[in-house]
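There are 2 protein chains.
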Amino acid sequence: MATSNFSLPRNNHLRTAHISRRPPPSVAASFQDFKIGKNPASKRAVKLAESISHMLNLQIEKTIQKSIETSNSNVSSFKEKHDTPTTSPKENISSKWREIHGSGDWDGILDPLHPWLRREIVKYGEFAQATYDAFDFDSYSEFCGSCRYNRSRLFEKLGLTTSGYAVTKYIYAMSQIDLPQWLEKSRLVDSWSSDSNWIGFVAVSDDAESERIGRRDIVVSWRGTVAPAEWYDNMQSDLEPIGQGDSKVERGFLSIYASKCDTSRYNTSSASEQVMTEVKRLINHYNKLGQKVSLTITGHSLGGALGLLNAYEAAKNFPALPISVLSFAAPRVGNIAFRDELYQMGVKTLRVTLKQDVVPRMPGIVFNEGLQRFDDITGTLEWVYTHVGVELKVDVRSSPYLKKGLNLIGFHMLETYLHLVDGYHSSNSGFRMDSKRDVALVNKDCDMLVDELRIPPNWYQLANKGLVQNHHGRWVKPERDPEDIPSPTAESHANAINMLLPN
Amino acid sequence: MATSNFSLPRNNHLRTAHISRRPPPSVAASFQDFKIGKNPASKRAVKLAESISHMLNLQIEKTIQKSIETSNSNVSSFKEKHDTPTTSPKENISSKWREIHGSGDWDGILDPLHPWLRREIVKYGEFAQATYDAFDFDSYSEFCGSCRYNRSRLFEKLGLTTSGYAVTKYIYAMSQIDLPQWLEKSRLVDSWSSDSNWIGFVAVSDDAESERIGRRDIVVSWRGTVAPAEWYDNMQSDLEPIGQGDSKVERGFLSIYASKCDTSRYNTSSASEQVMTEVKRLINHYNKLGQKVSLTITGHSLGGALGLLNAYEAAKNFPALPISVLSFAAPRVGNIAFRDELYQMGVKTLRVTLKQDVVPRMPGIVFNEGLQRFDDITGTLEWVYTHVGVELKVDVRSSPYLKKGLNLIGFHMLETYLHLVDGYHSSNSGFRMDSKRDVALVNKDCDMLVDELRIPPNWYQLANKGLVQNHHGRWVKPERDPEDIPSPTAESHANAINMLLPN
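The listed protein sequences correspond, in order, to chains H and D. Counting in the UniProt record's numbering, the first sequence runs from 1 upward without gaps. Counting in the UniProt record's numbering, the second sequence runs from 1 upward without gaps.
Hints in this document: simulated from the structure, not taken from any laboratory. A quick note: this is a predicted structure, and the numbers were derived from the prediction, not measured.
The list treats identical chains as interchangeable, and a pair is accepted whether it falls inside one copy or across any two copies.
In silico BS3-like cross-links for lysine-lysine, where the CA-CA straight-line distance does not exceed 30 Å:
hint: 1; residue 1: Lys465; residue 2: Lys157
hint: 2; residue 1: Lys79; residue 2: Lys477
hint: 3; residue 1: Lys185; residue 2: Lys465
hint: 4; residue 1: Lys477; residue 2: Lys404
hint: 5; residue 1: Lys79; residue 2: Lys185
hint: 6; residue 1: Lys403; residue 2: Lys465
Bound-form chain H, shown alone (with noise of 0.2 Å):
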C-alpha cells in the first residue's frame, strides 16, 4: 500500500496549463451531426469528426466493425470477474484527509494516484451520477425534470446506502435566460413545475464515515448535462461580474445557479440561496457540536461549473471552511481573476477530464443541435475563459474494456470517467486490471464498452418505460408514489424541524 506516495509541499503551483484551440467554424458547425445513429448523415458526420479528431491530437482510432469473440485476453478475464466484490474495504483515511482535499495541491498523491485518494475520487462520483440516475427525463411524464424519489429514499433507491451519507436537502434550479436546451420539460400542461428543474443535493456524512474520514463532510452534488447534445445554447458568449472585484464568470452557468421567481413553485430562492443556507444550516448544527466540518461539491459537465459557483460563494460566506471541488468533465467557467479569487480564498479545484473529451477542452464550443449559426457565436466569443485547479487526466485508450472509435457522448459521459479513474494507477502505466468497479455501468447511457464484454448499449432502462398491467390487463402509467412527489412546503418543513439529520 503506497502510503510512502503522500508528500505535502505547500505550493500552489499548478500542473496544468491550456491552449485553446478552436475549430475551424466550416467543421465545427457539423457537430450537430455527432448525435449518432443510423441516420444518413452519420457517414459524413463520423469523417469531419476524424477530421477534428486529428486536429485536436484526440487520438482516437478508427472504428472498425467486426463480429464478437473473445479473443482479447484483457477482456477474457472480465467474466471471471462477475463473482467479486464491487468495492475495497473501507480504511480509515482520517489522517490523510486534508491531503487527499487538496491542502497540498495533490501534489505527489496523482501520479502514481493514491488509493485512498482514487477511492474518493470514486465516492463523490458517485454522487455526482445519482443525479443522472435519479433523474426523470420522461417528457410524458409530469414529473419530467424532476427526482424520481424523495431524498431520504434516493440513495436506497440508488444502491449507495453504503456510501455513509444521509442526502438532507434537494436543490432546484431555473434560468431567467433563455436556455432552452438546458430544462427538461415534461409535455403536459399540468406538470410539477413549468420552469424549474431537480438540480442536485446536499448530504453530510453520518458518524461511521465521518470517523473514517476525519470530519463531517457536507456534500453538494450538482446534475449537469448527460450528452453534449444537449450542451448548453448560447451561455459562453457572455461574461457576468461575480463578487466585488474583477471576477466574471460565465452568465448562463450563473444564471442557472442564482435565478429566482416570485411566481415559481420551486424557485422563490435560488439555487444558490438554497444550497446556502441549507449549508449554513448544516455548519451551525455541528459546530454547536464541536465537530470538524469540510464541505466538498462535486458535479459533472455543466455540474462541475455550478460547483464552481457554489465553492467561490461558500468561500466568500464561510472563510475558515475547508472547502475542496471535484468536478469531472466540467468546461471553463470563468475568467482569470476569478481563478485567482478562487486560489485567494484557498477553494481546492481537482479537475478530471478525459484526454478524448472535446466538452473540457474547447471553450465555447457549443453542440446544440437548434443553433444555426454557429460561426456569429465562436466570432463574438471572448477568449478569456480559464480552467481552475489541477488536472487529474484520464485516457479512454488505457482501458481494455473500452473502444476507442469516436464517441462524443461516450467520450463526455460520467460513468466512462468514473471507470478510468479507477483504472487508473499513473500516467505511465497501464489499467489497473485488479480494479473493482463494475465495468458494466459504462454502458448505462452509451455505446463505450467492447463488443467482447456483451453488455448492451444504453441498458439503463425502465421495464416498459414505467407502464404497467392493471387488473384488467391494460397497460396505464402508474400514478407516482405520493411521497416521491416534489413538495415545496414538505421540504422547507422538514429543515425547519432539522429532520434528516445524521446526528
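Fit chain D to the supplied structure of chain H, relying on the hints for placement.
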C-alpha cells in the same frame, strides 16, 4: 347485434382494384431518410414525405407541435376506459364460421364490419403480433433471431392463454439468396444459429375454442418485418415460377419460404417443409378423430407474403381443406396467374390494409437504407405483381387516438392496424368509441398515439435490457432459461411423440 348483416352470395367477385402508382425515382430514392428521429435530415425528409403523401393521396396531415392538454373530448374518456375489460364476451360463432373465413368472399359482412368477423380478425392479428413481441432482437444476445420463449410458454408469456389455442410447432427460415436486411443476426460468434431466424409458429384450437368456432382450427402465424427500414432489399426484382403453370412469385419471398441447407442447425428442412409436415400431422390426427379441420394463415408485412406462399402450397397438398389467409400490410407477392390459381383452388384471402401505409400500396418500393441505386431497380422492375383477395381498408384518420402526421413506421405497425380494425364499424362511420382493445398497445414500438393519452412512444422494452444485478451488485446478463433455448432435436422429438396437442 347485427348478425342480420350476414348475406351469403357465392360469387367470386372481388371488390378491389388497384392501380399501381410509381413515385418519381428522384423522390422515392429519399425514402431512406424517413427512418425518422431527430437526425439533421429529418426536416428535409418530412417535406419530401409530405409531397409524396400528396401525390399518392395518402391524406396525411402535417404535424403540429403543441403542448399537451386533454382538450380532445374523444380522448378525455380514455382514462375512464382504464377500468373496463379489454375483450368482449366470447360468443358461439360456429354457425357462421365459413362466411367469416371467406366462403362468400366476405360479401355483406365487411361494410359494415360484422362484430364476429372483427373479433376474429383481431384474434388472428394477435397471433401475428406474438411473433414480434416474443422475438429476440438483441444483437448482443447469442439467441438473437430466435423466440425468447419455448412454444409451450409463448402464449402464457404474452398474455394469450385465453386465446383458446396451443402452439404445436415453431418454424425457422433461412434464405439462400443474400437478403441481409431480412435476417436478425447476433453479433456474437457463438450464437445459436448463424443462418436461421424464428419465422413463426403453428397452433391449434383447443376443445372449447373448437366448439365455439365450429371446427378444429389450425393456425399458421408468420413473422414479418417490423419497420419499412428493415424492408427487403432487392427482393422484388425477380419473379420465379411456382407450381406447374404460369404462376410466378417474387424470388426473395420464395427464397425465405423454401431455402434449406444440410449444414444448418435449424434449416436442414425449409420453412415450407417444416410447416407442411406439421399441418399434415395435425390434419391426420384430427381427421382420425373424425373432426372438421380448417387452416387459417396469418401474417403481417413480409409475414403476409409468406402466408400466401404457404396457402398456395397447402391448397395444392390438401384440396379438400378450407384454407383462408388473413394478412395485414402485406405487399404484392406474385403475378396474375398466381392469384388466379389461388382462386381456383378456393383459397380465401382477406387483406387488411391501412390507407396511409405505403407498403401494401406500392409494389417494388424499397425502403432499404443500404440501397444506393433505387432508380436502377425500379427501372427494371416488371410491374406484374398483383394483390390477392378481398381488401379491408382502415384509415388512420378514423381514430381520435392516433396522430395524423406522417409516420411511415407507425402507419405500417401491426398494432396500429389492430387498433383501427377494433375501432372500425364501416367505411362511412366514425371510430367505435366503445371498442375495448387496449389503446396503449399501439405505442409499443412506435409513436402513433396522441400526446394527450400520455403513453410514451416505443414503450415495449425490458428493464435494463435484461441485465440483472448479481449478489455482488454487478450487472450481468443472465443465461437464458435452458428450456427456452431453441433446440432442433427437442423440437422434432416433441413432434414425434405428438406432444402439445390440445386434444
